[in-house]
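Undergrad: Position chain B against the provided structure of chain A, taking the given hints into account.
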Amino acid sequence: AQSVTQPDIHITVSEGASLELRCNYSYGATPYLFWYVQSPGQGLQLLLKYFSGDTLVQGIKGFEAEFKRSQSSFNLRKPSVHWSDAAEYFCAVGAPGQNFVFGPGTRLSVLP
Amino acid sequence: DAGVTQSPTHLIKTRGQQVTLRCSPKSGHDTVSWYQQALGQGPQFIFQYYEEEERQRGNFPDRFSGHQFPNYSSELNVNALLLGDSALYLCASSGQGPNNEQFFGPGTRLTVL
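One line per chain: the protein sequences are A and B, in this order.
Quick note: to get our numbering, add 84 to the position in the first sequence (first position is 1).
Quick note: to get our numbering, add 911 to the position in the second sequence (first position is 1).
It is possible that part of the hints are untrue.
[Unchecked claim] A few chain B residues that face chain A, going by a derived Cβ cut-off under 8 Å, partial list only:
#1 A913
#2 S944
#3 Q952
#4 P954
#5 Q959
#6 Q967
#7 G969
#8 L1001
#9 E1012
#10 Q1013
#11 F1015
#12 G1016
#13 P1017
#14 G1018
[What the hints assert, rightly or not] Covered stretches of chain A, going by a simulated chain B footprint (3 or more residues, C-beta under 8 Å):
#15 122–129
#16 182–191
[Stated by the list, open to error] Chain A is nowhere near these chain B residues, computed Cβ spacing over 10 Å in every case:
#17 R926
#18 E962
#19 A998
Hint data in this document are derived by calculation from the structure and do not stem from the laboratory.
Built from N, CA and C at the ideal position, the CB exists for glycine as well.
Here chain A stands alone, though its shape is the one from the complex:
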């Protein structure tokens, strides 16, 4: 069965510090992988996606993620966090024409 785990429920970092949010997936075929961000009371905004090719993908707002097939991981990183990055982050796995399976989310808090 398809599943996504995000081991960290809540992470707190200081502004300017680096960030890594973990995502592990279980999927029967080559996955399409996504990271979304959700601010309180808002919908989902796509940060970045991986379909194929280069395993290091760049996204919006200075985020990047690395696909590691051997570890079934797709961790999200940012070298320097801004206060406006405080939000909920969701990792998702899917395939063309198929529904997405989302992880439970990681809530990011940023200290001034």
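TA: Only chain B this time, still in chain A's reference frame:
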């Protein structure tokens, strides 16, 4: 391009009532998916519509039903509302092709009292 739009923004119902949520897909998209996001959780897939037919369905009871119209817009209907149906309901649209990406609307916040 207006992107994916949903209405209403917020809705309050009482147990046992019925509700209809609406979604207009992004221009050029023909596939609509619905997700339920309970508070503090990730979105869970309800069903997907394509060519006015339900193509896939998640693990939701028959109280949840939908419809897609010829203009690709969609409705989500929930009958006999339960307190546990309180959630943010997200609509996502996508096109066809190998790299189809889902674009999400802002959601409808349903509160069942």
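Undergrad: Against each hint, give a clear statement of whether it holds in the structure.
TA: Right, here's what the structure says about each hint:
Hint status for A913/B relative to chain A: violated, with the closest Cβ pair at about 14 Å, above 8 Å. Interface restraint check: S944/B against chain A, minimum CB-CB distance 6 Å, threshold 8 Å, status holds. The interface hint given for Q952/B is met, as the beta carbon of that residue sits about 6 Å from the closest beta carbon of chain A, less than 8 Å. Annotation: interface hint on P954/B holds; nearest CB of chain A at approximately 5 Å, less than 8 Å.
Using the Cβ-Cβ criterion of 8 Å, the hint placing Q959/B at the interface with chain A is satisfied: the shortest such distance is roughly 6 Å. A hinted interface residue such as Q967/B counts as satisfied when its beta carbon comes closer than 8 Å to some beta carbon of chain A; here the least separation is about 6 Å, so the hint holds. A distance limit of 8 Å between C-beta atoms decides the matter here; for G969/B the minimum to chain A is near 7 Å, and the interface restraint holds. The beta carbon of L1001/B comes within 6 Å of a beta carbon in chain A, closer than 8 Å, and the hint placing it at the interface holds.
The beta carbon of E1012/B comes within 6 Å of a beta carbon in chain A, closer than 8 Å, and the hint placing it at the interface holds. The beta carbon of Q1013/B comes within 6 Å of a beta carbon in chain A, closer than 8 Å, and the hint placing it at the interface holds. Using the Cβ-Cβ criterion of 8 Å, the hint placing F1015/B at the interface with chain A is satisfied: the shortest such distance is roughly 4 Å. With a least beta-carbon distance of about 6 Å to chain A, the hint placing G1016/B at the interface is held under the 8 Å criterion.
Annotation: interface hint on P1017/B holds; nearest CB of chain A at approximately 4 Å, less than 8 Å. Hint on G1018/B holds. Least Cβ distance to chain A is approximately 5 Å, under the 8 Å limit. A stretch counts as covered by a chain when three or more of its residues have a beta carbon under 8 Å from one of that chain; for the segment 122–129 of chain A and chain B the count is 5, and the coverage holds. Interface restraint, the segment 182–191 of chain A with chain B: holds (8 residues with C-beta to C-beta distance below 8 Å; minimum three).
Consistency note on R926/B: stated as away from chain A, and its beta-carbon is indeed over 10 Å from all of that chain's, at 24 Å minimum. For E962/B, the shortest C-beta to C-beta distance to chain A comes to about 12 Å, beyond the 10 Å cut-off, and the non-interface label holds. Non-interface status of A998/B relative to chain A is upheld: no Cβ of that chain comes within 10 Å, the nearest being about 13 Å off.
This entry does not satisfy hint 1, going by the numbered hints stated previously; all others are met.
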